[in-house]
Amino acid sequence: MSLEDAIAEAKDAGQDLIEVAPNANPPVAKILNYGKLKYEEKKKAQASKKKQHVVKIKEIRVRPRIDDHDLNTKVNRGRKFITEGCKLKVTLMYRGRELARTDLGLSILNRVIEMLSDVAVVEKQGDLEGRRQTIVLTGK
Numbered sequence: 001m002s003l004e005d006a007i008a009e010a011k012d013a014g015q016d017l018i019e020v021a022p023n024a025n026p027p028v029a030k031i032l033n034y035g036k037l038k039y040e041e042k043k044k045a046q047a048s049k050k051k052q053h054v055v056k057i058k059e060i061r062v063r064p065r066i067d068d069h070d071l072n073t074k075v076n077r078g079r080k081f082i083t084e085g086c087k088l089k090v091t092l093m094y095r096g097r098e099l100a101r102t103d104l105g106l107s108i109l110n111r112v113i114e115m116l117s118d119v120a121v122v123e124k125q126g127d128l129e130g131r132r133q134t135i136v137l138t139g140k
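Anchor point for the sequence shown: position 105 equals 105 in this note's numbering, and the numbering is continuous, going up by one each time.
Everything labelled a hint here was simulated from the structure, so no lab data went into it.
There may be inaccurate statements among the hints.
Taking lysine-lysine and the DSS-like style, the derived pairs with C-alpha atoms no more than 27 Å apart in a straight line are [unchecked claim]:
| hint | residue 1 | residue 2 |
| --- | --- | --- |
| 1 | K42 | K56 |
| 2 | K44 | K58 |
| 3 | K30 | K51 |
| 4 | K42 | K58 |
| 5 | K38 | K51 |
| 6 | K56 | K87 |
| 7 | K50 | K30 |
| 8 | K80 | K56 |
| 9 | K11 | K50 |
| 10 | K50 | K87 |
| 11 | K74 | K51 |
| 12 | K74 | K49 |
| 13 | K51 | K140 |
| 14 | K44 | K124 |
| 15 | K38 | K56 |
| 16 | K43 | K58 |
| 17 | K58 | K38 |
| 18 | K38 | K50 |
| 19 | K51 | K11 |
| 20 | K11 | K42 |
| 21 | K42 | K89 |
| 22 | K89 | K58 |
| 23 | K11 | K58 |
| 24 | K44 | K56 |
| 25 | K74 | K50 |
| 26 | K80 | K11 |
| 27 | K11 | K89 |
| 28 | K36 | K56 |
| 29 | K80 | K124 |
If you anchor each label on the Cβ, the simulated ranges turn out as follows [what the hints assert, rightly or not]:
| hint | residue 1 | residue 2 | range |
| --- | --- | --- | --- |
| 30 | N72 | V121 | 58 to 66 Å |
| 31 | T73 | K43 | 23 to 31 Å |
| 32 | E19 | R131 | 53 to 61 Å |
| 33 | K80 | L106 | 50 to 58 Å |
| 34 | E59 | T102 | 19 to 27 Å |
Every residue gets a Cβ at the ideal spot worked out from N, C-alpha and C, and that includes glycine.
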């Protein structure tokens, strides 16, 4: 069908002429309501977005010279985050001369990993970036 005939037929039907396959020989077109087509595509995109699961990352911050009770409190909070389905980011922050003793910080991070080993595994073991060292834990 010629282009002029197709446009005339679409106008008679009160619809739009939409090109479906421009690379085909001859090109393929349909007579549709363009506004309705866009609306349905938008609804389909919203429905697929609604089914997506967004992963939340919660963070706890510790220092190398943290006391046992404070560490237990923070680890219990982290345990709660993991059981809720979130990932847990543990950030170890150094201040001043503490940076000279990074081994103390590593021992704190290892204690956190050990305390949470029943509910979490290490997803990403972070390196020292400036004055911060991070690890990311995920639920089992």
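Okay, the hints, checked on the actual structure:
no., hint, in the structure
1, K42 - K56, "holds, 26 Å"
2, K44 - K58, "violated, 31 Å"
3, K30 - K51, "violated, 31 Å"
4, K42 - K58, "violated, 32 Å"
5, K38 - K51, "holds, 21 Å"
6, K56 - K87, "holds, 6 Å"
7, K50 - K30, "violated, 30 Å"
8, K80 - K56, "holds, 13 Å"
9, K11 - K50, "violated, 37 Å"
10, K50 - K87, "holds, 21 Å"
11, K74 - K51, "violated, 32 Å"
12, K74 - K49, "violated, 34 Å"
13, K51 - K140, "holds, 22 Å"
14, K44 - K124, "violated, 35 Å"
15, K38 - K56, "violated, 32 Å"
16, K43 - K58, "violated, 32 Å"
17, K58 - K38, "violated, 38 Å"
18, K38 - K50, "holds, 18 Å"
19, K51 - K11, "violated, 39 Å"
20, K11 - K42, "holds, 25 Å"
21, K42 - K89, "violated, 35 Å"
22, K89 - K58, "holds, 6 Å"
23, K11 - K58, "violated, 57 Å"
24, K44 - K56, "holds, 25 Å"
25, K74 - K50, "violated, 33 Å"
26, K80 - K11, "violated, 62 Å"
27, K11 - K89, "violated, 60 Å"
28, K36 - K56, "violated, 36 Å"
29, K80 - K124, "holds, 20 Å"
30, N72 - V121: 58 to 66 Å, "violated, 20 Å"
31, T73 - K43: 23 to 31 Å, "violated, 47 Å"
32, E19 - R131: 53 to 61 Å, "holds, 59 Å"
33, K80 - L106: 50 to 58 Å, "violated, 25 Å"
34, E59 - T102: 19 to 27 Å, "holds, 20 Å"
Of the hints listed earlier, those the structure fails to meet are numbers 2, 3, 4, 7, 9, 11, 12, 14, 15, 16, 17, 19, 21, 23, 25, 26, 27, 28, 30, 31, 33, in rising order.
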